[in-house]
Amino acid sequence: MAVGPRALEATGLAQPGRLARVREWWEQEQVFGYGLILPALVLIVGLVAYPFGMAIYFSLSDYWVGSPGSFVGLQNFRDVVANEIFQRTVYNSFVFTAIAVVLKAVLGVWLAMLLFRNFKLKRLIRGAVLLPWVIPTALSTLAWWWMFDSLYSVVNWTGIRLGLIAPPGPNWLGMPGYAMTAVITVNVWRGLPFFAITVLAGLVSIPREYYEAAEVDGASSWGRFRFVTLPLLKPVLAVVILFSTILTFADFNIVQILTRGGPVNTTHLFATLAYQIGLQGGNLGQGAAVSLFLFPMLAAVVFLQLRYIRRD
Amino acid sequence: MIVGVRSRASKVRSLLYGYTSIVPFVAFAVFPFYYMVITSLKKDTELYNLKAVPFLIQTGVITDHYHFLFFKTEFWTWMKNSLIISVTATSISLVIAILAGYSLARLRFPGVSSFGTAVFITYLVPPTLLFLPLSQVVVWLGISDTIWALIVTYPTFLVPFSTWLLMGYFRTIPREVEECALVDGASRMQTLTRIVLPMAIPGIVCVTLFGFTLTWNEFTYALTFVSQTANKTAVVGVTADLIRGDIYYWGALMAGAVVASLPIVVIYVWFLDYYVSGLTAGAVKG
Numbered sequence: 001m002a003v004g005p006r007a008l009e010a011t012g013l014a015q016p017g018r019l020a021r022v023r024e025w026w027e028q029e030q031v032f033g034y035g036l037i038l039p040a041l042v043l044i045v046g047l048v049a050y051p052f053g054m055a056i057y058f059s060l061s062d063y064w065v066g067s068p069g070s071f072v073g074l075q076n077f078r079d080v081v082a083n084e085i086f087q088r089t090v091y092n093s094f095v096f097t098a099i100a101v102v103l104k105a106v107l108g109v110w111l112a113m114l115l116f117r118n119f120k121l122k123r124l125i126r127g128a129v130l131l132p133w134v135i136p137t138a139l140s141t142l143a144w145w146w147m148f149d150s151l152y153s154v155v156n157w158t159g160i161r162l163g164l165i166a167p168p169g170p171n172w173l174g175m176p177g178y179a180m181t182a183v184i185t186v187n188v189w190r191g192l193p194f195f196a197i198t199v200l201a202g203l204v205s206i207p208r209e210y211y212e213a214a215e216v217d218g219a220s221s222w223g224r225f226r227f228v229t230l231p232l233l234k235p236v237l238a239v240v241i242l243f244s245t246i247l248t249f250a251d252f253n254i255v256q257i258l259t260r261g262g263p264v265n266t267t268h269l270f271a272t273l274a275y276q277i278g279l280q281g282g283n284l285g286q287g288a289a290v291s292l293f294l295f296p297m298l299a300a301v302v303f304l305q306l307r308y309i310r311r312d
Numbered sequence: 313m314i315v316g317v318r319s320r321a322s323k324v325r326s327l328l329y330g331y332t333s334i335v336p337f338v339a340f341a342v343f344p345f346y347y348m349v350i351t352s353l354k355k356d357t358e359l360y361n362l363k364a365v366p367f368l369i370q371t372g373v374i375t376d377h378y379h380f381l382f383f384k385t386e387f388w389t390w391m392k393n394s395l396i397i398s399v400t401a402t403s404i405s406l407v408i409a410i411l412a413g414y415s416l417a418r419l420r421f422p423g424v425s426s427f428g429t430a431v432f433i434t435y436l437v438p439p440t441l442l443f444l445p446l447s448q449v450v451v452w453l454g455i456s457d458t459i460w461a462l463i464v465t466y467p468t469f470l471v472p473f474s475t476w477l478l479m480g481y482f483r484t485i486p487r488e489v490e491e492c493a494l495v496d497g498a499s500r501m502q503t504l505t506r507i508v509l510p511m512a513i514p515g516i517v518c519v520t521l522f523g524f525t526l527t528w529n530e531f532t533y534a535l536t537f538v539s540q541t542a543n544k545t546a547v548v549g550v551t552a553d554l555i556r557g558d559i560y561y562w563g564a565l566m567a568g569a570v571v572a573s574l575p576i577v578v579i580y581v582w583f584l585d586y587y588v589s590g591l592t593a594g595a596v597k598g
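Sequence order for the protein chains is H and S.
Everything in the first sequence is counted per the numbering used here, starting at 1 for the first residue and increasing by one.
Everything in the second sequence is counted per the numbering used here, starting at 313 for the first residue and increasing by one.
Any given hint could turn out to be false.
[As the list claims (entries may be wrong)] Cut-off 27 Å, straight-line C-alpha distance, at most; resulting in silico cross-link-like pairs (DSSO-like, lysine-lysine):
id: 1; chain 1: H; residue 1: LYS122; chain 2: H; residue 2: LYS234
id: 2; chain 1: H; residue 1: LYS122; chain 2: S; residue 2: LYS355
id: 3; chain 1: H; residue 1: LYS120; chain 2: S; residue 2: LYS323
id: 4; chain 1: S; residue 1: LYS323; chain 2: S; residue 2: LYS355
The set of hints was computed from the structure by calculation and includes no laboratory data.
Small disclaimer: the values here were computed from a predicted structure and weren't measured.
Just chain H, with the same shape it has in the complex (with noise of 0.2 Å):
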């Protein structure tokens, strides 16, 4: 496409001073095409790439805050593997995040498929189910663990009414198992508007004749579920799973304000421990150890989704 300097000299435009050929230079395809990448290019490299390096540099060493240490090897991982809090830490993790995004996915499933009818006040219905995903999280986390209270938990108190709950009912945020569940609760609620707006739109996608043609065969209604609508799904199911499991893995907002990891660090997540050891602590190699656990995650993911990108 060398239509650029070819169209200049036609404006006449084009004289052969220094500004011209600078000019010229820059109409290059190749040069503009650089040009306008550099910033986005700066910034990956100043502020992603390199404090990813750092981190790795920071991991390997003696490094706390303010004092920058010697270099000890492997030494904050051999150290943070033997901790029993940090063993703690990955089995939370991987329940946290394996009950959250299962949740989130069946029930992000189901409520695509209702919002896919036809309703009155759809509009409504549909702006008031993605709420949870635009508020601020941290502030409506602020609301659960008020609706969470030891004391006047407006969970316990219904639970009581309808008799489910015997009085005067869990403390929530201070009880190992509720308090897992807790937290996979505000995480399910905060996450799944994301999955069922996406996977709506991968149902609209679907062609109203694959059902037609379902019906004529006898299908049931489950039958046109599992044999046409999940099969098609699979493709956006896939990409929101992947999504939705490196940023359940790496969350941290809903339990550092819930739980802050307690109690007895049956909470704790990668990013909540790094944040304590790290910044709190003041351990920076030691936190720096700890939140590189999230990579392996990621790296997964990274590799599953491009591979997933590049078969389209």
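Given the coordinates of chain H, work out where chain S should sit on it, guided by the hints.
What follows is chain S alone, placed relative to chain H:
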């Protein structure tokens, strides 16, 4: 005839199923906000009365919590900080992303596809992977504990996301339009700003909305890089500074959550369709 009757019965049943199933979802989604609002308007005596019905306001609506929030805390400073940070970071990112997105979507040069991949990978990197080293970068740049720490670091997640989204929009614009402009003697930059950008306005609006929302809502960096009360964002100020010791000011806390969410809610209601289309572009973190 019988077929007609049966299909009407099944239609009613299906309608009933639809409404009874959607109601719990809507209630689940909306209840925390409802609870936020009524808590912020309740008297303390009712708030901390175990016998009161928590869903209702029974002893009268009060505005004391809002009064406390507005006049006894630095709430408006936090709101101002959030506004400055969100507008600046979003604008900077938008410009960078328009240039990069156009380049990656339209121009041919060696390495273009590797750049595209790099942007995509960066887009998937969760902020919690990099917050420790970034906290040191911010110290070295001498902007630690100021709002600049956030203005500088927010583009790290905004630019990859915005570039990715805009690439999709730029690709939908017919190539011939640009070629005509070039043949007519427009420079490449003029073609981008006068021909391509006006055609990509929906994409730009979408990116701006998401950028503003993501920066306004951001918590991890805002909590980590800024500790001075006067430089905090609204989200972190309300979350961290309204809680003092073991006594929680639940009324004021919920009032803060309501008001700090308000700008986002207003934009959201106004531009709902853009949010939906942006989300479904499959390109948004959630």
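Do the hints match the structure? See the list:
At most 27 Å may separate the alpha-carbon atoms for a hinted pair to count; H/LYS122 and H/LYS234 meet this at roughly 26 Å. For a cut-off of 27 Å, the pair hint linking H/LYS122 to S/LYS355 is broken: about 36 Å separates their Cα positions. Of the supplied pair hints, the one linking H/LYS120 and S/LYS323 holds, its CA atoms being roughly 15 Å apart against a limit of 27 Å. The straight-line distance between the Cα atoms of S/LYS323 and S/LYS355 is roughly 48 Å, outside the 27 Å bound, and the hint therefore fails.
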